[in-house]
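Peer 1: Residue-level listing of the chains:
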Amino acid sequence: MEVMMKSKKLLWTIAVTAIVLFTVLHVFRKGEAETPPSPVHRVSLIDSTKCIAPAAFMRANHMQVLYEWRNSSVRTGNRVYIASNGSKFEKSLNTCLGCHSNNKLFCFNCHNYANVKPKCWNCHLSPMETP
Amino acid sequence: MSSVSDGNTMMNEQRREFIKKTALGVLVGLGAASGLVPAFSLEKTILPVWDEKPVPGKIRWGMLIDTRKCKDGCRQCVAACHHAHNVPDFKNKKDEVKWIWKSSYQNVFPTASQQFVSPEIQDRSYLALCNHCADSPCTKACPTEATFKRWDGIVSMDYHRCIGCRFCMAACPYGSRSFNWQDPRTAIHDPVTTYPTREQGVVEKCNFCSDRLVKGLQPACTEACPEHALTFGDLNDSRSDIRRLLETNETMQRKPELGTKPSVFYII
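Line by line, the protein sequences give chains E and Z.
In terms of the numbering used here, the first sequence opens at residue 45 and continues consecutively.
In terms of the numbering used here, the second sequence opens at residue 60 and continues consecutively.
Bound-form chain Z, shown alone (with noise of 0.2 Å):
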C-alpha cells in the first residue's frame, strides 16, 4: 500500500515539474513572438518575397509624384529615406549626399517647354530623387559594371564593385548620385541598425527601396508622405494605381528630351 502511494506522488512530482516547465516554455515563446524577448538585435531574416529568380523585364517600378499636394516646408520623406538607408549629413554643400531632395522648377525641370507658368507653380518646391531611368546613361558609364539596371527597372548600385571613378555621377543628366568625399559613418547622426552604410570613396543614389521591396514593403517616402502625394508601382501592370493615375492625369518626366525614359512622374 506505502509503496503505491509513493509511486503516486513521485508521479505526481513529474507531472508537476512538467507542467511548470511547458507553462514556462509557452510564456517565453509567446514572449519572443510578441517581440518582447529580441531574438536578435539586427534586420530578422525573413525569406524574400520572390522565391525564385525574378523574370528580367517584367516588373518595372515607377513613381508619380503629385506636387499638388506637396506642401512646402514638410521633409518628412527626405527625412524617413535618409534616416531609413543611413545617408550621411556633412551639412555643407560640398560633401553633401542625398538620395532624395526638394529643389526649385527651375532645377528640376530646366528645360520644361511652357513658357510663362503660373508663379505659384514656379514658386513651388519639387521632390526630386534617382528617376530610375528605362535607358539610363550612368549604367552605360560604369567601367565595373558596380551600378547596373536590375531586372526589375530599378538602377541598382553593388557598392563593393564601386572604384569611385565618378564616371556615372557626370553621365546622370539629374544629379541623382552622390560622392563619399569622406567617411560617413562620421557623419550618420541617428543609424539604423536595418541598413549597412557606404564607406569613402564610393557613390552612392536613391536604390528605389529595394531593401524593402523585397519585404512586401513600399518605399520610405512613399510611406512616409502625410499628403500621399506619392504613388508607387509597377509601371507593366496596366491595372496598377500608377498606371491609372498616369492615364487620368497629365503627367511630366524630367528632361524627358534626353530619351533616358524616367521612371518617376509628375503632376504639376
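Pulled out of the complex, with its shape left as it was, chain E reads as follows (with noise of 0.2 Å):
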C-alpha cells in the first residue's frame, strides 16, 4: 500500500514537472509562432526514421532517385516522393543525411573505393562538414 502511494506520488510529480516544463519551454521560445505569413496553408513533420527504398536498391540506384527527385521538385514543383508503403517524403537531399549524415563517412567510404567523384559536396552540404 505504502509503494503504491508512493508510485502515485513520482507520477504525480512527474506529470506536473513535465506540464509545467512544456509550457515554461513554449512560452519562452521566440519566433517561430510569429507573423502568419500569406502563402501559409500547412506543413507538418516528415517521419524520418524509415528508409525510402530496401538498402540494396538505394545501393545500385541512388543517383538515379536523387537525379529524379531533384528535376521533379525544382523545376514541376512535385516536392512530395510516395515510397512503396505509402508513406510520405520531402525530395530533398536533407531527407536523406536526416538519418545518413549520422556516419559521417556514410557517402565517402563507397566513394573512395569506387573511386567515383561526385560534385553534392561543392554547394550541398556533405555529412562530414555538418555540425
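Derived from the structure by calculation, the hints contain no laboratory data.
Among the hints, a few may not be true.
Stated by the list, open to error - Straight line, CA to CA, 27 Å or less: simulated DSS-like cross-link-like pairs of lysine-lysine:
1) Z:112 with Z:199
2) Z:112 with E:132
3) Z:130 with Z:152
4) E:132 with Z:274
5) Z:274 with E:94
6) Z:112 with E:94
7) Z:314 with Z:161
8) Z:128 with Z:314
9) E:132 with Z:117
10) Z:314 with Z:153
11) Z:161 with Z:130
12) Z:320 with Z:128
13) Z:112 with Z:208
14) E:148 with E:132
15) Z:112 with Z:320
16) E:163 with Z:208
17) Z:117 with Z:314
18) E:132 with E:94
All values reported here derive from a predicted model rather than from experimental measurement.
Combine the two chains into a complex, taking the hints into account.
Peer 2: Here it is, written out as C-alpha cells:
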C-alpha cells in the first residue's frame, strides 16, 4: 500500500513537472509562432526514421533517385515522394541526410572505394561538414 | 504467505522500473519537441506547403516596394537575404555577387519618363532585385534551361545545369545576375546550414525565397524590413494585399518599355 502511494506520488510529480516544463519552454521559445504569412497552408513534420526504399535498391540506384527528385521537385514543384509502402517524404537531400549523416563517412567510404567523385558537396553541405 | 509477498515486491519492482523508464522517455520527448535536444543539425525536412504538383500559372508571386518608407543607410533586407542564402562577399566590385542591393535613382530607373523630379526623389537610394519578369529574357537566352520560368512566376535557377556561359547575364536588362568568378565558399563569412552554397563558374540570382515559400514563410527581405516597406503576395489573387496596394497607389516598374512585365513594383 505504501509503495503504491509512493509511486502515485512519483507519477503526479512527473506529470506536473512535465506540464510545467512544456509550458515554460513553449512560452519562452521566440519567433516561431509570430507573423502568419499569407502563402501559408499547412506544414507537417515528416517521419525520417524509415528508409525510402530497400538498401540494396538504394545502393544501386541512389543517383537515379536523386536525379529524379531534383528534376521533379525543382522544375515541376512536385516535392513529395510517396514510397511503395505509402509513407511520404520530402524530395530533398536533407531527407536522406536526416538519418545518414549520423555516419560521417556514409557517402565517402563507398565513393572512395569505387573512385567516383560526385560534385554534390561543392554546394551542398556534406555529412562530413555537418556540425 | 511469504511467496505471495515475494511476488508482490517483484511486481512492485517491475512497476517502479516501468514508471521510471516512462518518465525518462516523456522528459526526453518533451526536450526534443521543445528544441532542447537537437534532432538534426541540418534543415528540418518537412512536407512542403504544396502537397501535389502545382498548377502552372495559377500563382504569380510579386513584390511591391514602398520606397517612401525605405530608409537611407538601412541595409537590413540585403543583410538578411545574403545571410540566409550564403551569398559570398568578395569586398570588390569585380567579383561582386548580389541578390538584392541598393542603388541610385538614375541606375534603378534610367528610362523613367518623368522630367524634373524633385531632388529628394533623385537623392534617395532604391532597392533592386530580380524582377521575376512574366516575359523573362534571361530564360530565353539560357542554352541549357538551367534558368527557367517556374509554375508560380518565379524565374528560378537550377545550378546543377548551369554551364557558366553568362548568356543570361547579357540578356537581363536589370543586372540582376552575378557570376561566381571564384569559389564562393572562401568568401562566405557567416555560413548557414539551411541553404546550399554555389560553386565557381555558375551564375546566381535572387530566387524570390522559393526555399522559404515552400515552408510557408515570407521572403527574408520582406520579413527583415523594419519599416514594412516590402509587400509580397500573389499578383493573380485579386484579394491579396499586394493587389489592393497596386490598385490604390501609383506604382512603376523598372524599364517597363522593354515589355518584360516585371513582377516587382515600386511606389515612388
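Peer 1: Look at each hint and say if it fits the structure.
Peer 2: Cross-check of the supplied hints:
Taken as a hint, the residue 112 of chain Z and residue 199 of chain Z pair is honoured in the structure, with Cα atoms around 24 Å apart against an allowance of 27 Å. Taking the CA atoms of residue 112 of chain Z and residue 132 of chain E, the gap is near 14 Å; set against the 27 Å cutoff, the hint holds. Taking the CA atoms of residue 130 of chain Z and residue 152 of chain Z, the gap is near 24 Å; set against the 27 Å cutoff, the hint holds. Using a Cα cut-off of 27 Å, the hinted pair residue 132 of chain E and residue 274 of chain Z holds, with the two alpha carbons roughly 16 Å apart.
Restraint check: the Cα-Cα separation between residue 274 of chain Z and residue 94 of chain E comes to about 22 Å, which is no more than 27 Å; the hinted pair holds. Annotation: proposed proximity of residue 112 of chain Z to residue 94 of chain E holds, straight-line Cα distance about 24 Å (limit 27 Å). With a C-alpha separation of about 17 Å, the suggested pairing of residue 314 of chain Z with residue 161 of chain Z holds against the 27 Å cut-off. Between residue 128 of chain Z and residue 314 of chain Z, the direct Cα distance comes to roughly 22 Å. Compliance with the 27 Å bound is thereby established for this hinted pair.
Our distance criterion of 27 Å between C-alpha atoms is met by residue 132 of chain E and residue 117 of chain Z, whose separation comes to about 25 Å. With a C-alpha separation of about 25 Å, the suggested pair residue 314 of chain Z and residue 153 of chain Z falls inside the 27 Å cut-off, and the hint holds. Pair hint residue 161 of chain Z plus residue 130 of chain Z holds up; C-alpha atoms about 11 Å apart against a cutoff of 27 Å. Proximity of residue 320 of chain Z to residue 128 of chain Z is assessed by CA-CA distance (about 24 Å); at most 27 Å being required, the pair is judged to hold.
Between residue 112 of chain Z and residue 208 of chain Z the alpha-carbon distance is near 16 Å, which keeps this suggested pair within the 27 Å criterion. For the proposed pair residue 148 of chain E and residue 132 of chain E, the alpha carbon gap of about 25 Å is at most 27 Å, so the pair holds. The hinted pair formed by residue 112 of chain Z and residue 320 of chain Z meets the criterion: a straight-line CA distance of about 26 Å does not exceed 27 Å. Taking the CA atoms of residue 163 of chain E and residue 208 of chain Z, the gap is near 25 Å; set against the 27 Å cutoff, the hint holds.
Of the pairs offered as hints, the one joining residue 117 of chain Z and residue 314 of chain Z holds, with about 26 Å between alpha carbons and a cut-off of 27 Å not exceeded. About 10 Å separates the Cα atoms of residue 132 of chain E and residue 94 of chain E, which keeps this hinted pair within 27 Å; it holds.
In summary, this structure violates none of the numbered hints.
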